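Student: The residues making up each chain are set out below.
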Amino acid sequence: DVKVTQSSRYLVKRTGEKVFLECVQDMDHENMFWYRQDPGLGLRLIYFSYDVKMKEKGDIPEGYSVSREKKERFSLILESASTNQTSMYLCASSLPQQANTEAFFGQGTRLTVV
Amino acid sequence: GENVEQHPSTLSVQEGDSAVIKCTYSDSASNYFPWYKQELGKGPQLIIDIRSNVGEKKDQRIAVTLNKTAKHFSLHITETQPEDSAVYFCAASSPDFNDYKLSFGAGTTVTVRA
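For the protein sequence lines, the chains are A and B, in the order given. The opening position of the first sequence corresponds to residue 1 in the working numbering, with each subsequent residue numbered one higher. The opening position of the second sequence corresponds to residue 1 in the working numbering, with each subsequent residue numbered one higher.
Note that these hints are calculated values from the structure, not bench results. Please read these numbers as outputs of a predicted model, since none were measured by experiment. Mixed in with the good hints there might be a few duds.
As a list, the in silico SDA-like pairs of lysine to any residue whose alpha-carbon atoms are at most 25 Å apart [what the hints assert, rightly or not]:
id, chain 1, residue 1, chain 2, residue 2
1, A, K3, A, M54
2, B, K37, A, P39
3, A, K57, A, E22
4, A, K3, B, K37
5, B, K37, A, S8
Ranges of calculated distance between the beta carbons of each label pair, as one might list FRET restraints [as the list claims (entries may be wrong)]:
id, chain 1, residue 1, chain 2, residue 2, range
6, B, N53, A, N84, 36 to 46 Å
7, B, A114, A, N84, 36 to 46 Å
8, A, G16, B, D59, 44 to 54 Å
9, A, V114, B, N53, 48 to 58 Å
10, A, Q107, B, S12, 21 to 31 Å
11, B, K71, A, D59, 17 to 27 Å
Glycine included, each C-beta is placed from N, C-alpha and C at the ideal position.
All chains, full assembly: derive it from the sequences and hints.
Tutor: Right, dumping it as structure tokens:
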């Protein structure tokens, strides 16, 4: 069974902390994504990566960075957490555009910044 | 970039009735339109998708229609059941090779009343 695993289901961090959200996929997918989900706003793309060490900004990259040192792992980094980054974070992976384009999602990490 | 609008934001239906969710998109070059279902506490999961060379696709009680001229697509669920209660997201995909990313609608919370 295909799997995208996010390291934490729930996380509480203090304002100003550096926060790491980890995501691992076991499907050998080239593409990986980080979204945040907020009520009434749907899923908004933060960053994506189509290869190891490659990254592209999504629609809302401010305040975030990413790291992809290995194909199976994509990390989202909040350099200095703020209360407006309290949200549900979803990681996803997929094959390249010219192949099957279904995106597989992790279960999400609910981050609260206090 | 692509902009996807989704309506309604909430939908309550009697068990056995049909549910329809509508989405519009802005980029006429988009060519892939998936629908995702998110159950409580889980990440979104693909339920059906359609490509721009097809006008309609069915899978048991679920169907999706696409009108490229009007740039809108819809999800139809017939004979709704309690397990259909979830949040549904439509999405549209940019066709660029290294720019594969999904733009999501804001989501529709569907409640099926027993």
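Student: Now look at each hint and say whether the structure bears it out.
Tutor: Going down the list of hints, with the structure as the test:
1. At roughly 22 Å between alpha-carbon atoms, A:K3 and A:M54 fall within 25 Å of each other, so this suggested pair holds.
2. For the hint pairing B:K37 with A:P39, the CA-to-CA distance comes to about 15 Å; that is within 25 Å, so the pair holds.
3. Among the hinted pairs, A:K57 with A:E22 is consistent with the structure: their alpha-carbon atoms are about 18 Å apart, no more than 25 Å.
4. Of the supplied pair hints, the one linking A:K3 and B:K37 holds, its CA atoms being roughly 17 Å apart against a limit of 25 Å.
5. For the suggested pair B:K37 and A:S8, the alpha carbons sit about 22 Å apart, so the restraint of at most 25 Å is met.
6. Under the hint 36 to 46 Å, the C-beta atoms of B:N53 and A:N84, about 41 Å apart, fit the expected range.
7. As the Cβ distance of B:A114 to A:N84 is approximately 39 Å, the hint placing it in 36 to 46 Å holds.
8. At about 48 Å, the beta-carbon gap between A:G16 and B:D59 stays in the expected band of 44 to 54 Å.
9. Evaluation of the 48 to 58 Å hint for A:V114 and B:N53 yields a pass: the beta carbon distance comes to about 50 Å.
10. Checked against the hint of 21 to 31 Å, the C-beta distance between A:Q107 and B:S12 comes to roughly 26 Å, which is consistent with it.
11. At roughly 19 Å, the beta carbons of B:K71 and A:D59 sit within the given window of 17 to 27 Å.
Checked against the numbered hints above, the structure violates none of them.
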